[in-house]
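Protein chains: 2
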Amino acid sequence: MSHLIAVLASCLLLLAPLTRAEGPLFPPGVRATADGLMAAALDDALALELVTSLSTEIGPRLAGTAQEARARDWAVDQLKKLGFSNVRVEPFAVPLWVRGDERAEILEPFPQPLAVTALGGSTATDPEGVAGDVVAFSSLAALEAAPDGSLAGRIVFVDEPMTRTQDGSGYGVAVGKRRATAYEAERLGAVGALIRSVGTDSHRFPHTGQMRRLTEDGGAGGVPTAALSAPDADQLRRVLARADQVSVRLVLTPQLLPPSRSGNVVAEIPGREAPEEVVLAGAHLDAWDLGTGAVDDGAGVAIVVAAARLLKALPEPPRRTVRVVLFGAEEVGLVGAKAYAEQHAAELEQHVIAAESDFGAGRIWRFDTAVGQSALPTTAAIRAVLHPLGIGPGSNSARGGPDLTYLREAGVPVVGLIQNGWDYFDLHHTPDDTLDKIEPAALAQNVAAYAAFLYLAAEVETDFRK
Amino acid sequence: MSHLIAVLASCLLLLAPLTRAEGPLFPPGVRATADGLMAAALDDALALELVTSLSTEIGPRLAGTAQEARARDWAVDQLKKLGFSNVRVEPFAVPLWVRGDERAEILEPFPQPLAVTALGGSTATDPEGVAGDVVAFSSLAALEAAPDGSLAGRIVFVDEPMTRTQDGSGYGVAVGKRRATAYEAERLGAVGALIRSVGTDSHRFPHTGQMRRLTEDGGAGGVPTAALSAPDADQLRRVLARADQVSVRLVLTPQLLPPSRSGNVVAEIPGREAPEEVVLAGAHLDAWDLGTGAVDDGAGVAIVVAAARLLKALPEPPRRTVRVVLFGAEEVGLVGAKAYAEQHAAELEQHVIAAESDFGAGRIWRFDTAVGQSALPTTAAIRAVLHPLGIGPGSNSARGGPDLTYLREAGVPVVGLIQNGWDYFDLHHTPDDTLDKIEPAALAQNVAAYAAFLYLAAEVETDFRK
Numbered sequence: 001m002s003h004l005i006a007v008l009a010s011c012l013l014l015l016a017p018l019t020r021a022e023g024p025l026f027p028p029g030v031r032a033t034a035d036g037l038m039a040a041a042l043d044d045a046l047a048l049e050l051v052t053s054l055s056t057e058i059g060p061r062l063a064g065t066a067q068e069a070r071a072r073d074w075a076v077d078q079l080k081k082l083g084f085s086n087v088r089v090e091p092f093a094v095p096l097w098v099r100g101d102e103r104a105e106i107l108e109p110f111p112q113p114l115a116v117t118a119l120g121g122s123t124a125t126d127p128e129g130v131a132g133d134v135v136a137f138s139s140l141a142a143l144e145a146a147p148d149g150s151l152a153g154r155i156v157f158v159d160e161p162m163t164r165t166q167d168g169s170g171y172g173v174a175v176g177k178r179r180a181t182a183y184e185a186e187r188l189g190a191v192g193a194l195i196r197s198v199g200t201d202s203h204r205f206p207h208t209g210q211m212r213r214l215t216e217d218g219g220a221g222g223v224p225t226a227a228l229s230a231p232d233a234d235q236l237r238r239v240l241a242r243a244d245q246v247s248v249r250l251v252l253t254p255q256l257l258p259p260s261r262s263g264n265v266v267a268e269i270p271g272r273e274a275p276e277e278v279v280l281a282g283a284h285l286d287a288w289d290l291g292t293g294a295v296d297d298g299a300g301v302a303i304v305v306a307a308a309r310l311l312k313a314l315p316e317p318p319r320r321t322v323r324v325v326l327f328g329a330e331e332v333g334l335v336g337a338k339a340y341a342e343q344h345a346a347e348l349e350q351h352v353i354a355a356e357s358d359f360g361a362g363r364i365w366r367f368d369t370a371v372g373q374s375a376l377p378t379t380a381a382i383r384a385v386l387h388p389l390g391i392g393p394g395s396n397s398a399r400g401g402p403d404l405t406y407l408r409e410a411g412v413p414v415v416g417l418i419q420n421g422w423d424y425f426d427l428h429h430t431p432d433d434t435l436d437k438i439e440p441a442a443l444a445q446n447v448a449a450y451a452a453f454l455y456l457a458a459e460v461e462t463d464f465r466k
Numbered sequence: 001m002s003h004l005i006a007v008l009a010s011c012l013l014l015l016a017p018l019t020r021a022e023g024p025l026f027p028p029g030v031r032a033t034a035d036g037l038m039a040a041a042l043d044d045a046l047a048l049e050l051v052t053s054l055s056t057e058i059g060p061r062l063a064g065t066a067q068e069a070r071a072r073d074w075a076v077d078q079l080k081k082l083g084f085s086n087v088r089v090e091p092f093a094v095p096l097w098v099r100g101d102e103r104a105e106i107l108e109p110f111p112q113p114l115a116v117t118a119l120g121g122s123t124a125t126d127p128e129g130v131a132g133d134v135v136a137f138s139s140l141a142a143l144e145a146a147p148d149g150s151l152a153g154r155i156v157f158v159d160e161p162m163t164r165t166q167d168g169s170g171y172g173v174a175v176g177k178r179r180a181t182a183y184e185a186e187r188l189g190a191v192g193a194l195i196r197s198v199g200t201d202s203h204r205f206p207h208t209g210q211m212r213r214l215t216e217d218g219g220a221g222g223v224p225t226a227a228l229s230a231p232d233a234d235q236l237r238r239v240l241a242r243a244d245q246v247s248v249r250l251v252l253t254p255q256l257l258p259p260s261r262s263g264n265v266v267a268e269i270p271g272r273e274a275p276e277e278v279v280l281a282g283a284h285l286d287a288w289d290l291g292t293g294a295v296d297d298g299a300g301v302a303i304v305v306a307a308a309r310l311l312k313a314l315p316e317p318p319r320r321t322v323r324v325v326l327f328g329a330e331e332v333g334l335v336g337a338k339a340y341a342e343q344h345a346a347e348l349e350q351h352v353i354a355a356e357s358d359f360g361a362g363r364i365w366r367f368d369t370a371v372g373q374s375a376l377p378t379t380a381a382i383r384a385v386l387h388p389l390g391i392g393p394g395s396n397s398a399r400g401g402p403d404l405t406y407l408r409e410a411g412v413p414v415v416g417l418i419q420n421g422w423d424y425f426d427l428h429h430t431p432d433d434t435l436d437k438i439e440p441a442a443l444a445q446n447v448a449a450y451a452a453f454l455y456l457a458a459e460v461e462t463d464f465r466k
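Taken in order, these protein sequences are the chains called A and B. Everything in the first sequence is counted per the UniProt record's numbering, starting at 1 for the first residue and increasing by one. Everything in the second sequence is counted per the UniProt record's numbering, starting at 1 for the first residue and increasing by one.
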């Protein structure tokens, strides 16, 4: 750590004369410190070590399971070891759905297996499964237009593709079918449903993901519903084009167990002058059970913890408190996000700004904000500091990450350090979410951006509220 | 078909004056016909239609199964429909090994599942599996050096990587561990074995493939052995680096069933002047059970059938007979290849030359031969005809495809139309061997090269023998 301080100090000395003219809103020392943090981040191995440790020593960590509890223990250990203050778990209750057997096959006319995975919250079939003729829909809208009860005994197949984009904007559209198909199929009288995976790859990995949010007293309802990998959806489409009648068997035996416990892991760098004012850096600790949660969201955990650790290494802490929140139970319906907003309702007024890293490990290329007009000069100045990392200006309609939803709705200003997600939905919610998919240099660029952002937001006196 | 004839005829007229000077070994009309065949192939959709049909309507087709029998029926239908002569199945017996449950997990210290698949011919564990501490070896050579009985109760892990190459030369080296690990582990007293997949990708797909050849009266022996996907092998390596003791459970329940039937599907274009002289074009019809056998070897089936069909469309057949052989039971140990060599032993002297397409659907970039010195001017002239397709000169030590092994050993000359296999072992023997991985333009280039080669080899009077 002393080496790090020396590096930061020398950066400060070197950069101060150069930066005075560029960052009029920040005193020269502040700008130099931000530059020094970025330089240090690009050489820092901590983020890679953290995501390696989390994805190797814990791996899959579905909300409410023993694996997720182990991930909380891991996080508390790491955060304490790194010297953070007020390290704690803030527990909450969570419904517990666990995967069972899952398989599907074309029975007629061309018998062969199909690669499927149950959607999170899906109801179960009998152990022998359900079988029926397949009725295909090219979109969720087409499915919604079908009349009640018109598909008795059938298996619905929604073959709507997802558009690949750098900013992930294809997801919001595509996820509709994942959320709604089970219930629409039930309305139509179907015995089961298949969707083309919400994803952009063409590998034989089905993508899981939550349907409707589970309730504590029961499941999400709907018919048993699974995702097909993209090559399997293509295959089923081709088979349907070659035969009048195509029957499929679907076996899904997930279970809804009694409600379990989850928790958010919180750690702080108490502010030097305004400790009650909180700059929040979030990520989520839970991950789907199919992969090892390296990209979603081990990378985010690593990025925000490594960035905050750089701030801890400064000669003195920033003015405001920097709070790292590693949310639990994000994937199953933002359960940790809701718990945090409820448990901290009284202090949300003093959450001055928040950011979440939950879009993998691609490079950040855009800085979005959702702040008051009077704060725009400050966020523009922050963006100027981030510019050497390849980060350009964005909009003032940031949504922040998913775990910031309730905070944003409660008036907490948010920013979006927007990552390049071109490849993100190739891996998202699949078994292929593994450590090898993370590019170390891109991960370090993320740490650099978060470190500078958190430092500057915590150092200034700006009120970011609308 | 009449349109095709018109295209070929016009190509012949157009190209004849240009090619007279370039191909002194071939009469101008022959060279022009070869050029016309290549031009027609690049515009021909048949190969893509065939591989689409085979991989969609049949899909997986493991040797000896009902799926492989359906593939033979499919092939006979297609070949008859396309107008080939002497279309027939030449049956033979084959051992029948079928996959069962397969899963593995790290029990301690970091519990999590591992993605595995049984190697072809593996023995089975109990339904509850075997468990033991893992002992890792960085290579097969290191495993072979371990003393007899030194790993009682352990699980062997051979973590030898495979080198990615354009010519597939990494495979011959890497496949050694797949063939030998089960028996070496047995010698050491281990209860099970894991290998890093023989493959070059970093996706969560384990690669299957045959161990030792199965005998008709029993299995291949050895301990139960599975392949780990590359990310899982990396994960297990990391876990071993972080813990003194790592225990794994392995469940594999494949079954060795009573011997079954397979067959080679044969079709011909009888020669115009020397029908007893055979130019053989091969591929294999069987495919591993995990994927749909699009790349391995649906592509090869499509390439040789589509190429031969172009020859059928010529105004008159070539001098020699062109024989298409779609081998059965290649993957489980060249059983069809052996049966063919035995059943045709009396006429192998009259197999003038043979080629097999069994390396995916990448572009052909090199023309290897294994012919007598006196035939080299002819093969050089054939290579010159193929040059516009981007095909360069190779060696005179071709091995031909795997199904040509016994023919080559019996003295049949072979050529290698060598494909770019840079990505081939990303998919090879995995669930991800699906139609979307085939690039139609590259497939057509293959058809063009086979069409020209088959035509020229069947038209000339050259004796290719050593």
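Hints are computed from structural coordinates only; laboratory data are not their basis. One or more of the hints may lead you astray.
[As the list claims (entries may be wrong)] In silico negatives: residues of chain B with every beta carbon more than 10 Å from chain A:
1) A145
2) P231
3) Q235
4) A384
[To be verified] Here are the in silico distance ranges between beta carbons for each label pair:
5) A/P388 <-> B/A241: 44 to 50 Å
6) A/R242 <-> B/P275: 36 to 42 Å
7) A/V173 <-> B/P127: 41 to 47 Å
8) B/R399 <-> A/P388: 40 to 46 Å
9) A/T165 <-> B/R399: 32 to 38 Å
10) B/P127 <-> A/E128: 16 to 22 Å
11) B/P275 <-> A/D133: 38 to 44 Å
Ideal Cβ placement from N, Cα and C applies to all residues, glycine included.
A quick look at each hint next to the structure:
no.	hint	verdict
1	A145	holds, 29 Å
2	P231	violated, 4 Å
3	Q235	violated, 6 Å
4	A384	holds, 38 Å
5	A/P388 <-> B/A241: 44 to 50 Å	violated, 36 Å
6	A/R242 <-> B/P275: 36 to 42 Å	holds, 37 Å
7	A/V173 <-> B/P127: 41 to 47 Å	holds, 44 Å
8	B/R399 <-> A/P388: 40 to 46 Å	violated, 55 Å
9	A/T165 <-> B/R399: 32 to 38 Å	violated, 46 Å
10	B/P127 <-> A/E128: 16 to 22 Å	holds, 19 Å
11	B/P275 <-> A/D133: 38 to 44 Å	violated, 50 Å
Of the hints listed earlier, those the structure fails to meet are numbers 2, 3, 5, 8, 9, 11, in rising order.
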